[in-house]
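Line by line, the protein sequences give chains G and W.
Residue numbers for the first sequence follow this note's numbering, beginning at 424 and rising by one.
Residue numbers for the second sequence follow this note's numbering, beginning at 424 and rising by one.
In short, the hints are calculated from the structure, not lab data.
It cannot be assumed that every hint is accurate.
Pairs count within a copy or across copies, as identical chains cannot be separated in the list.
To be verified - Calculated pairs, SDA-like style, for lysine to any residue (alpha carbon to alpha carbon, straight line, at most 25 Å):
# : residue 1 : residue 2
1 : K530      : N798
2 : K671      : S738
3 : K739      : S629
4 : K671      : V533
5 : K587      : K680
Number of protein chains: 2
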Amino acid sequence: MIKVEEARKLILTCDDRVRHVMEVSLEDALGYSLAEDIISLIDMPPFRQSSMDGYAINIGDSSNYKVIGEIKAGDNHDFHLTSGEAVRIYTGAPVPDTSNAVLIQEKIEVEDDQIFTEETPDSGMNIRPIGEQIRKDELALKAGVRINSAHIGFISSVGVNKVKVYSKPSIAIVVTGNELVTNGLVLPYGKVYESNGPMLRSMLASEQYNVPEVIRVEDNYESTIYTLGTTISDNDVVIITGGISVGKYDFVGRALKNLNVQEIFYKVNQKPGKPLFYGKKGNTSIFALPGNPAAALTCFYIYVYPLLKTLEGASKKELNSLNLSSLSNYNSKETRAQFLKAVIQEDGVQILGGQSSAMLSAFGEANALIFLPENTFNITKGDKVKTILLPW
Amino acid sequence: MIKVEEARKLILTCDDRVRHVMEVSLEDALGYSLAEDIISLIDMPPFRQSSMDGYAINIGDSSNYKVIGEIKAGDNHDFHLTSGEAVRIYTGAPVPDTSNAVLIQEKIEVEDDQIFTEETPDSGMNIRPIGEQIRKDELALKAGVRINSAHIGFISSVGVNKVKVYSKPSIAIVVTGNELVTNGLVLPYGKVYESNGPMLRSMLASEQYNVPEVIRVEDNYESTIYTLGTTISDNDVVIITGGISVGKYDFVGRALKNLNVQEIFYKVNQKPGKPLFYGKKGNTSIFALPGNPAAALTCFYIYVYPLLKTLEGASKKELNSLNLSSLSNYNSKETRAQFLKAVIQEDGVQILGGQSSAMLSAFGEANALIFLPENTFNITKGDKVKTILLPW
Numbered sequence: 424m425i426k427v428e429e430a431r432k433l434i435l436t437c438d439d440r441v442r443h444v445m446e447v448s449l450e451d452a453l454g455y456s457l458a459e460d461i462i463s464l465i466d467m468p469p470f471r472q473s474s475m476d477g478y479a480i481n482i483g484d485s486s487n488y489k490v491i492g493e494i495k496a497g498d499n500h501d502f503h504l505t506s507g508e509a510v511r512i513y514t515g516a517p518v519p520d521t522s523n524a525v526l527i528q529e530k531i532e533v534e535d536d537q538i539f540t541e542e543t544p545d546s547g548m549n550i551r552p553i554g555e556q557i558r559k560d561e562l563a564l565k566a567g568v569r570i571n572s573a574h575i576g577f578i579s580s581v582g583v584n585k586v587k588v589y590s591k592p593s594i595a596i597v598v599t600g601n602e603l604v605t606n607g608l609v610l611p612y613g614k615v616y617e618s619n620g621p622m623l624r625s626m627l628a629s630e631q632y633n634v635p636e637v638i639r640v641e642d643n644y645e646s647t648i649y650t651l652g653t654t655i656s657d658n659d660v661v662i663i664t665g666g667i668s669v670g671k672y673d674f675v676g677r678a679l680k681n682l683n684v685q686e687i688f689y690k691v692n693q694k695p696g697k698p699l700f701y702g703k704k705g706n707t708s709i710f711a712l713p714g715n716p717a718a719a720l721t722c723f724y725i726y727v728y729p730l731l732k733t734l735e736g737a738s739k740k741e742l743n744s745l746n747l748s749s750l751s752n753y754n755s756k757e758t759r760a761q762f763l764k765a766v767i768q769e770d771g772v773q774i775l776g777g778q779s780s781a782m783l784s785a786f787g788e789a790n791a792l793i794f795l796p797e798n799t800f801n802i803t804k805g806d807k808v809k810t811i812l813l814p815w
Numbered sequence: 424m425i426k427v428e429e430a431r432k433l434i435l436t437c438d439d440r441v442r443h444v445m446e447v448s449l450e451d452a453l454g455y456s457l458a459e460d461i462i463s464l465i466d467m468p469p470f471r472q473s474s475m476d477g478y479a480i481n482i483g484d485s486s487n488y489k490v491i492g493e494i495k496a497g498d499n500h501d502f503h504l505t506s507g508e509a510v511r512i513y514t515g516a517p518v519p520d521t522s523n524a525v526l527i528q529e530k531i532e533v534e535d536d537q538i539f540t541e542e543t544p545d546s547g548m549n550i551r552p553i554g555e556q557i558r559k560d561e562l563a564l565k566a567g568v569r570i571n572s573a574h575i576g577f578i579s580s581v582g583v584n585k586v587k588v589y590s591k592p593s594i595a596i597v598v599t600g601n602e603l604v605t606n607g608l609v610l611p612y613g614k615v616y617e618s619n620g621p622m623l624r625s626m627l628a629s630e631q632y633n634v635p636e637v638i639r640v641e642d643n644y645e646s647t648i649y650t651l652g653t654t655i656s657d658n659d660v661v662i663i664t665g666g667i668s669v670g671k672y673d674f675v676g677r678a679l680k681n682l683n684v685q686e687i688f689y690k691v692n693q694k695p696g697k698p699l700f701y702g703k704k705g706n707t708s709i710f711a712l713p714g715n716p717a718a719a720l721t722c723f724y725i726y727v728y729p730l731l732k733t734l735e736g737a738s739k740k741e742l743n744s745l746n747l748s749s750l751s752n753y754n755s756k757e758t759r760a761q762f763l764k765a766v767i768q769e770d771g772v773q774i775l776g777g778q779s780s781a782m783l784s785a786f787g788e789a790n791a792l793i794f795l796p797e798n799t800f801n802i803t804k805g806d807k808v809k810t811i812l813l814p815w
């Protein structure tokens with residue numbers, strides 16, 4: 424049985440997808456990873472820019488200036504100021520070459536075309552120099568950045584409106600299990616409602632992946648090998664829920680074997696999610712997630728999520744995590760590594776009740792997972808625990 | 424000038440939208456807020472469920488049992504076991520009423536139809552009782568919960584496939600500023616590329632709001648009052664970028680005044696984002712965000728975001744925040760409250776360079792904002808600082 428850390432390392436180094444590069448308009452780039460560095464097309468600001476409403480002056484000997492004109496944001500006037508002259512100017516407007524300071528309007532007295540100041544103006548005051556934020560041809564964003572809203576604003580401001588990004592991996596979700604009934608139908612004795620399919624779909628949608636229809640497979644060997652064979656050859660990633668086990672009813676395990684899927688690991692020394700399977704066929708990754716919903720959710724964020732980020736060329740591959748003080752005591756006889764549902768608070772992280780792997784209700788409140796290494800039997804309030812932030 | 428805390432309080436209590444309730448299928452419910460409590464339609468699990476692969480037994484006097492049948496997950500068999508009898512059983516399968524424990528297969532020796540155990544079985548062992556996770560008619564999720572992927576899994580598992588949610592607020596983005604040029608065009612002297620529109624659109628898209636086309640308004644009074652008049656009457660929220668100021672070129676300020684928009688607050692004692700305006704006309708909220716991109720981004724997450732969550736009926740209205748140790752020293756002469764771009768690390772939060780309000784580049788790295796109250800002049804490494812987590 425493999426350790427959590429080793430399993431995660433195997434996932435993160437499994438970067439063998441042939442990525443397709445495509446050019447998209449910036450508006451459509453949210454959630455894609457950059458396939459090239461973004462280089463600024465301009466100096467930003469492109470001109471000496473006033474950072475205040477006030478008066479651009481050519482610093483003179485006395486405390487009064489003669490106003491010879493006006494420049495609003497967006498104007499392209501370039502007045503020629505001599506010493507002791509000023510122009511009325513507004514935030515964002517270009518400061519004339521012949522001006523070396525901007526006086527703030529609140530500190531000025533005005534009389535006709537004359538202004539008076541009590542300040543001794545410093546050269547460069549309230550002027551943003553050309554290229555203060557970024558220079559033309561300088562690196563704006565590195566290849567591998569997964570584009571968020573702030574990046575879209577930044578890229579836009581440096582004049583770039585098309586970007587080269589990596590295509591997303593194609594993903595199939597295959598749900599197995601004779602006990603599953605589609606939500607909305609009557610529930611016969613011995614059956615439960617299928618919930619992993621809709622949950623996985625919405626997790627993928629939240630992360631801006633193309634959301635596949637959930638494929639339900641009948642509980643017999645022929646259907647299983649046919650469905651897995653086609654989804655594996657058609658996709659970069661196949662996520663099977665229902666898990667694999669050993670024994671005569673494990674059609675998934677037999678099918679994967681007969682399809683020559685190479686086992687990378689099977690069973691991780693963790694709770695929940697011990698019977699996790701990860702395999703490869705060619706460049707396709709195959710996960711079999713445990714059927715228990717909370718175990719499936721944990722395995723998705725701890726293993727599938729970093730693989731997807733790796734395959735799409737993102738340099739940041741994992742959820743944000745940090746060490747926080749536990750606000751709870753916790754005792755366990757568990758020798759496996761544990762992922763505990765938790766909720767972050769102002770001053771630390773609280774462990775939630777309902778940690779059984781079949782328990783999804785605690786995830787209704789949870790916004791984090793606490794990772795406890797193997798053989799952690801006691802957590803005392805105040806202990807630092809590794810906290811992985813869920814994306815909501 | 425209003426304080427940050429007061430401005431935020433005014434936003435959070437501004438819950439006067441007439442919310443429309445709609446029924447959506449669970450698949451389409453991601454990112455909507457529940458308009459009603461979700462009540463479980465079933466006991467979950469709905470039957471006594473085996474949590475292991477093994478043998479369901481009727482506990483007898485000796486350590487061997489006679490196997491009289493087999494129950495797979497999804498089967499509806501109900502064998503009648505007498506003392507000393509067993510059935511082969513698999514994880515998720517229904518345990519017969521006449522069985523009171525499940526033995527794990529790993530601890531069993533099998534010979535023909537006889538099994539032997541060295542354990543002394545406890546009553547109820549490895550059986551999930553009916554309704555362990557939730558009882559029929561019990562509360563599953565409260566009205567006001569904004570539905571995430573875990574909720575979709577949970578709701579699905581309790582048999583609910585349609586939910587009543589609140590409609591989303593309709594939002595308009597209006598971009599003003601004579602200095603702005605659409606990305607992709609040539610940049611004349613005195614102009615800069617427009618970046619707030621695309622940034623705001625992608626922030627709204629990331630939060631699953633209907634994404635409006637960005638409306639550009641010409642820099643004259645007639646266009647401004649016409650555009651603002653129609654967008655205010657057609658939407659729940661109007662976000663204007665470019666800000667308002669005082670003076671003869673402030674068409675936005677004059678138009679809002681002449682449209683009888685009531686000022687709730689104008690200017691917040693903060694950096695960046697001091698010239699923030701928030702007003703109301705009827706049930707419509709109007710923001711004028713500062714034109715500086717980083718200030719606009721900060722104002723969006725600190726003020727607009729909680730208002731949107733309030734209007735859509737979400738009980739959780741603000742980004743997650745927590746107190747973390749600063750990993751940086753920071754000095755400032757600023758008396759206003761400050762929002763600093765920052766990045767969380769394993770052991771605390773690091774303050775980024777480039778805090779000027781025109782600097783968006785630091786947001787390329789940032790995943791958090793540090794809030795410093797008024798008159799905070801020094802932060803020393805190790806000090807606890809309030810850290811607001813950005814949603815990426």
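Hints versus structure:
| no. | hint | verdict |
| --- | --- | --- |
| 1 | K530 - N798 | between (67 Å within a copy, 22 Å between copies) |
| 2 | K671 - S738 | neither (42 Å within a copy, 49 Å between copies) |
| 3 | K739 - S629 | both (17 Å within a copy, 18 Å between copies) |
| 4 | K671 - V533 | between (93 Å within a copy, 16 Å between copies) |
| 5 | K587 - K680 | neither (38 Å within a copy, 45 Å between copies) |
Of the numbered hints stated above, those contradicted by the structure are hints 2, 5, listed in ascending order.
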